[in-house]
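From first to last, the protein sequence lines stand for chains A and B. Residue 1 is where the first sequence starts when you use our numbering, and the numbers rise one by one after that. Residue 1 is where the second sequence starts when you use our numbering, and the numbers rise one by one after that.
Some clues are possibly wrong.
Which copy is meant is left open, so a pair is good if it fits within one copy or across any two.
[As the list claims (entries may be wrong)] The calculated DSS-like cross-link candidates involving lysine-lysine, where the alpha carbons are at most 27 Å apart (straight line), are:
no., residue 1, residue 2
1, K578, K525
2, K502, K559
3, K502, K561
4, K244, K450
5, K332, K525
6, K253, K26
7, K502, K526
8, K559, K612
9, K332, K578
10, K450, K612
11, K401, K253
12, K578, K480
13, K334, K578
14, K480, K502
15, K559, K401
16, K451, K578
17, K253, K23
18, K612, K334
19, K334, K559
Everything labelled a hint here was simulated from the structure, so no lab data went into it.
Number of protein chains: 2
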Amino acid sequence: MFRNIHRFLIGRPLLNWEISHEKLPKWKALSIFSSDAISSVGYGPEQIALALAVPGLLAYGYLPMVVAAVLFLLAIVTLSYVQVARANPGGGGSYSVAIHNLGELPALVAAASLFADYVLTVAVSISSGTDALTSAFPALIGHEVAIDLIILFCVLMLINLRGVRESSNVFVWPTYLFAGGMIILIAVGVYNAFTGSAPILPHESTVRQNFDAAILVLLLRAFANGCSSMTGVEAISNGVPMFKAPEASNAIKTTYFMSGLLGSILAGISFLILHYHIMPQENVTMLSLLTETVFGRSWFYYFIQITTMMILYLAANTSYNGLPPLLSILAKDKYMPRYLSFRGERLSYSNGIVLLSILAGILIWVFNGEVEHLISLYAIGVFLSFTIAQTGLVVYWRREKSSHWRARAFINALGAIITGIVVLIIAEAKFFYGAWIVLIFIPIMVFIFKKIHSHYADMSDQLHLPLDGPNLFEAPIDSKNLVLVTIASPTILVAQTIRYAKTISNNISILYVATDQEEAERVQKKWNACNTGLPLTTILSDFRLIIQPILDYISQMVKQKNPNDYITVIIPEFETRKWWHRFLHNQTGWLLRTLLILRNDVIVTTMPFHLKK
Amino acid sequence: MFRNIHRFLIGRPLLNWEISHEKLPKWKALSIFSSDAISSVGYGPEQIALALAVPGLLAYGYLPMVVAAVLFLLAIVTLSYVQVARANPGGGGSYSVAIHNLGELPALVAAASLFADYVLTVAVSISSGTDALTSAFPALIGHEVAIDLIILFCVLMLINLRGVRESSNVFVWPTYLFAGGMIILIAVGVYNAFTGSAPILPHESTVRQNFDAAILVLLLRAFANGCSSMTGVEAISNGVPMFKAPEASNAIKTTYFMSGLLGSILAGISFLILHYHIMPQENVTMLSLLTETVFGRSWFYYFIQITTMMILYLAANTSYNGLPPLLSILAKDKYMPRYLSFRGERLSYSNGIVLLSILAGILIWVFNGEVEHLISLYAIGVFLSFTIAQTGLVVYWRREKSSHWRARAFINALGAIITGIVVLIIAEAKFFYGAWIVLIFIPIMVFIFKKIHSHYADMSDQLHLPLDGPNLFEAPIDSKNLVLVTIASPTILVAQTIRYAKTISNNISILYVATDQEEAERVQKKWNACNTGLPLTTILSDFRLIIQPILDYISQMVKQKNPNDYITVIIPEFETRKWWHRFLHNQTGWLLRTLLILRNDVIVTTMPFHLKK
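So here's chain A without its partners, still in its complex pose (with noise of 0.2 Å):
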């Protein structure tokens, strides 16, 4: 039954080498690494409002100036990660790019922040998603957080537990849809607005001449906020390998388009904010709000709406394809737990995929599916990654001091400096407002693997088996196996135990803890009449306890035995048929095994016995 519902969702197993190694053409690269980077102007620009119109409409009118500059770091951003691209194409991102050029400790932190920002892209890109959705039909206010799980939970989670491949068109559509209607978006707002059919506004503010160092932390606050928009720009030099030969070059093509792309949709709708002086509000995501304006509730709104929503949940989706595969590469160099390196019976790294996904839900959870408040968490890390980055590509550079280096080392030193610079805006910026989580999570992230790594390394230093050296796999002639069964009457369970105990020694041992001394009596008289040849150690438990006086009696074992023998405690145990009839049984043998187990000095064994009735 949970087979076949396990079956139906996840699919069937595959075999190893079942795996894809598909090559993506351009447009179809283009379309699935760039939904995370192009999605960003569904939240992007209205980011930078929000934090342009908390004083009103007076500072609204720099926001050209702040777009511009998101703009021309997004260039700078471009040419840094062509240049990645162009340095790696074995694909791996930041970590790589750290851990092959500057040490572990940058490779951690660049590790952690990505770790952050996946986690945070899935959150951020689910909830805008859903604001898009909740924009268009207003009755779904309200449930934002439960869509959000279920987007999460039930689609994303399953359809990656599944290992859809990323090169299914369905990846592909939502992307140039979104896009083929942001450029239509754009183009009827320039004309109606150089036009004049546009509505008529509100006289613009003229105290714009009053600028002061308010102002500035207000534009900085704004300009960290745009920064956002530039998260997934490295998506495509960390696919390089899926790319059709050649695979750099047609990469770096892919990259400048996109980036071309987005730039011009994210200028095209600033410019139309701008002009029709859209404002945020409750409720209704501003690029709802603008589309409204230029087209009405007509059948192309709710086209942009449902696009944006789709290319939003698609962009969560580009986590996927990220994070588990770096969780794999950490789990391989042993900064995170082993088990998040194995493939599923799907292909996919579904522990990772799970992780990621409650992650991810309980962001939302917690910051209660506002976008807001997620993205003040966001823009830190993806530019700390950067910054890494591009300082690897430096010292890459100038060792490998292959053509025009010195030009390519010159463009990611800049990048670096400039992204560098751009951390601590946003961390001055915004830190009251979330950035201090994650300035606290990366050095935490980065405590934990060096401590997983070092745990690892102290497990196999113990575990190691010395080859030369005496035989360890034989037992020393004068070892012997001290056996005790503990007992609570003589019953066929017990005969079976005994039976099976003199099998595997001749050293036995029986003990009974009685609670009282009639009972004690009583035992003893049973005892004698089976005639089991062994004779029965009997302990009157003062306090009625039971588990502590046989754990006493092993350490007395333990402490009376040779360095050689062995303690085996046989615990026999019944399991009942029905579940609840567990209850009705002391959970003495299963609380004894569990005390048992924790010590290093005895061996336990279970002795079942099915009870059939």
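We have chain A; now place chain B onto it with these hints.
Structure of chain B alone, referenced to chain A:
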């Protein structure tokens, strides 16, 4: 650390002979056994008034009629229970009476009713006690449930786990203080009423003559509510052995005195409520309103509120003296899980005490500490167990034929009939107000009792050791022990495991499950280098599963073995030094152990290895 806290809260363990056998004088017994009954004055009249107040002042004049009916019933029940004390000087209550005189089914019905009642007594008494408190200190309103649960778990459960002696003076003075306070309140109130110094009142309604069916329903409901005052009358008859000699005669005198006291207070309070036209109000008890009307917010008002609170909490405590022993009797008769019959280290029935606390806590939490909802559930079980006890006594008198047996049987028969009618009235009047819950609970509980009983019977059949026939403690000569060791790679832990395996068997198989071919070859090579003298069986797992191939291999072994052979699976298991290290390892060993223990055809042995770093 935990041990010290435990010792501090619960106290040192006690030896068997330290159990108390103190005999009580009447004045002490009265206060100890009657807190449940007398405390019901704290909510009984209010419950009647609540039922009558629904249609405004109209039905309010019927209060005396209902109170009179309740007092009449009290007299009947008292007379009946005097007979119980006489017939059953060994103590034990309705269940004991029924099992000795009526057979299994009535006894189980009585047990189920008592079970429900004891739990409800705790919930109702604590909620009412807290109501008395919040009436006096309105600042506490809104925190009732929290106060209830603190009293329940941090006070009542804890002192009962410590096993405070019933005879402690702590339990004596609240009852007398409360009774004394009530008598003063009634005396002063009645004096004021007749000397005319009472406040001016609205005119009484004159519409009283319109008596119809709707009024009858109302009256029955009020009567049903009022019957809740009768709970606890049976307490003395259950505690006969604790009285000083002559036990029965002293118990009977005490019963009369208690009922007299209860009846007088009930009558007096009802008179005052009627006279001063006290109406039920939100958040303030009627007793509080009444005391305030008579005395104002003087120190005497607070005295009454505090003693009311204390006697109600004390009444809750009486269930702790009642239910755990009842559960222990049921457990000894094999109708309840056996561990409910064990005395804890302080000689109290700790499992029963914890169970009672949890159930009462759930009730309080689910009903949000609102007494009137709980009382609906209350009275029916009480009267059902009254009826069964009385019927049992009729059978008893007929059998014993002691002096005056006809008169005694007549009294009990009358009691049985009247309380039986009351059961029907309550079931009818309060069916939709919660009585249905009890009416469903009782048959379910009886079903559970019977199921448990038959499970224990089945089990004892299956575990029974036949002492004639062949000696079951001797293993057949042809019995072999086939040992299987599963490994992940040859480590020092594997070496240790195989050394042990060699001491318990000559038939050792080593199983290794590989997830890919390369790894398989690497492990095989290392194995060969180890010089173990044992062949390695490698299974290549197509779908990267580890556990399933092992289980399949074991099933294969089970099929091929001789009937007398044992299969022992040794699972090497390392314990990590820090708890969180556990998460860094696959739980394969643990999972395998758990799954194998569920089988009845393999013996599972756990080989411990403790990591030291």
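Tested hints:
1. In this homomeric assembly, K578 and K525 never come within 27 Å of each other (Cα to Cα): the closest approach is 33 Å inside a single copy and 47 Å across copies.
2. Taking identical chains as interchangeable, the C-alpha atoms of K502 and K559 lie at most 27 Å apart whether they share a chain (23 Å) or sit on different chains (24 Å).
3. Proximity of K502 to K561 under the C-alpha cut-off of 27 Å is found in both arrangements, the shortest distances being 19 Å within a copy and 19 Å between copies.
4. Taking CA atoms no more than 27 Å apart as the test, K244 paired with K450 passes in neither setting, with 38 Å inside one copy and 73 Å between copies.
5. Within a single copy, K332 and K525 get their C-alpha atoms only as close as 61 Å, which misses the 27 Å cut-off; across copies the closest is 22 Å, which meets it.
6. Taking CA atoms no more than 27 Å apart as the test, K253 paired with K26 passes inside one copy only; the shortest distance there is 8 Å, against 100 Å between copies.
7. In this assembly of identical chains, the alpha carbons of K502 and K526 lie at most 27 Å apart only when taken from the same copy (20 Å versus 35 Å across copies).
8. For the homomeric pair K559 and K612, the shortest alpha-carbon distance between copies (20 Å) is at most 27 Å, but the shortest distance inside one copy (40 Å) is not.
9. When the C-alpha separation of K332 and K578 is checked against a cutoff of 27 Å, the pair qualifies only between copies, where the shortest distance is 22 Å, while the shortest distance within a copy is 43 Å.
10. With identical chains, the CA atoms of K450 and K612 are at most 27 Å apart between copies only, with a shortest distance of 18 Å across copies and 52 Å within one.
11. Proximity of K401 and K253 under a CA criterion of 27 Å is satisfied intra-copy only: 23 Å inside one chain copy versus 109 Å between copies.
12. Neither within a single protomer nor between protomers do K578 and K480 lie at most 27 Å apart by alpha-carbon distance, with minima of 39 Å and 32 Å respectively.
13. Taking the closest pair of Cα atoms, K334 and K578 come within 27 Å of each other only across two copies (18 Å); inside a single copy the shortest separation is 43 Å, beyond that limit.
14. Taking CA atoms no more than 27 Å apart as the test, K480 paired with K502 passes in both settings, with 13 Å inside one copy and 11 Å between copies.
15. In this assembly of identical chains, K559 and K401 lie within 27 Å of each other by CA distance neither inside one copy nor across copies; the values are 68 Å within and 67 Å between.
16. In the homo-oligomer, the alpha carbons of K451 and K578 lie at most 27 Å apart only across protomers (11 Å), although the nearest pairing inside one protomer, at 44 Å, exceeds that limit.
17. For the homomeric pair K253 and K23, the shortest alpha-carbon distance inside one copy (16 Å) is at most 27 Å, but the shortest distance between copies (98 Å) is not.
18. In this assembly of identical chains, the alpha carbons of K612 and K334 lie at most 27 Å apart only when taken from different copies (19 Å versus 47 Å within one copy).
19. For a Cα distance limit of 27 Å, the shortest separation of K334 from K559 qualifies neither inside one copy, at 39 Å, nor across copies, at 41 Å.
Of the hints listed earlier, those the structure fails to meet are numbers 1, 4, 12, 15 and 19, in rising order.
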